[in-house]
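Starting from the known structure of chain A, arrange chain B on it as the hints suggest.
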Amino acid sequence: SAVISQKPSRDICQRGTSLTIQCQVDSQVTMMFWYRQQPGQSLTLIATANQGSEATYESGFVIDKFPISRPNLTFSTLTVSNMSPEDSSIYLCSVDFGETQYFGPGTRLLVL
Amino acid sequence: GQNIDQPTEMTATEGAIVQINCTYQTSGFNGLFWYQQHAGEAPTFLSYNVLDGLEEKGRFSSFLSRSKGYSYLLLKELQMKDSASYLCAVRDPGDYKLSFGAGTTVTVRA
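So the sequence lines, in the order shown, correspond to chains A and B. Sequential numbering of the first sequence, starting at 1, is according to the numbering used here. Sequential numbering of the second sequence, starting at 1, is according to the numbering used here.
Chain A extracted, bound-state conformation (with noise of 0.2 angstroms):
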């Protein structure tokens, strides 16, 4: 399997700043991706990061609103930019890793 790291793991913030995560892989994966779980639902997909190539966002998600890097094989980051309270989630980053998704323990964000 597959251990993720995620930092931070919570971050209480003020509306119209920007928050980056990261997300760190201790294996190297070609397929990474960014997931937000909103209060009492389920995960909905933010993008596709995959190393080498521009991020692939879902509809509804845009680059400026969520830039993403993905520098190298084991690590990426997503920025949550000009914030609302609206955007008080959790952010998970997971990897396909052996022909499994594996999931970090998440980033639990609450803007003010």
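Source of the hints: derived by calculation from the structure; they are not laboratory data. In this text, a Cβ means the ideal position worked out from N, Cα and C, and glycines have one as well. What you were told as hints is all true, and nothing was included just to trick you.
Derived, one-sided and incomplete: chain B residues facing chain A with beta-carbon distance under 10 angstroms:
#1 Y35
#2 E41
#3 A42
#4 P43
#5 F45
#6 Y48
#7 V50
#8 L87
#9 R91
#10 Y96
#11 K97
#12 S99
#13 F100
#14 A102
#15 G103
Showing chain B alone in chain A's frame:
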């Protein structure tokens, strides 16, 4: 598009068996996953089915019928710690994205 359905809630007694059904209609299929998620925590991988049939892992089993677009997760000998949300997810064959159902909240009562 992707349409994945599972019941919202289920309640069962400690020691009993519960079966969580998942039906899907997706534009492609490259495997079905079940995850367990406790409140406030990240999803934990439980099982993966890509071929028809039953996969057994201790107290948990998962079944898949691709022709029927149907899967179930079977939880046996329920324990209080099994109270959680169970998520069904289908993987896209092209880009490996997962599409999730809304999740089934299982409550185990003493």
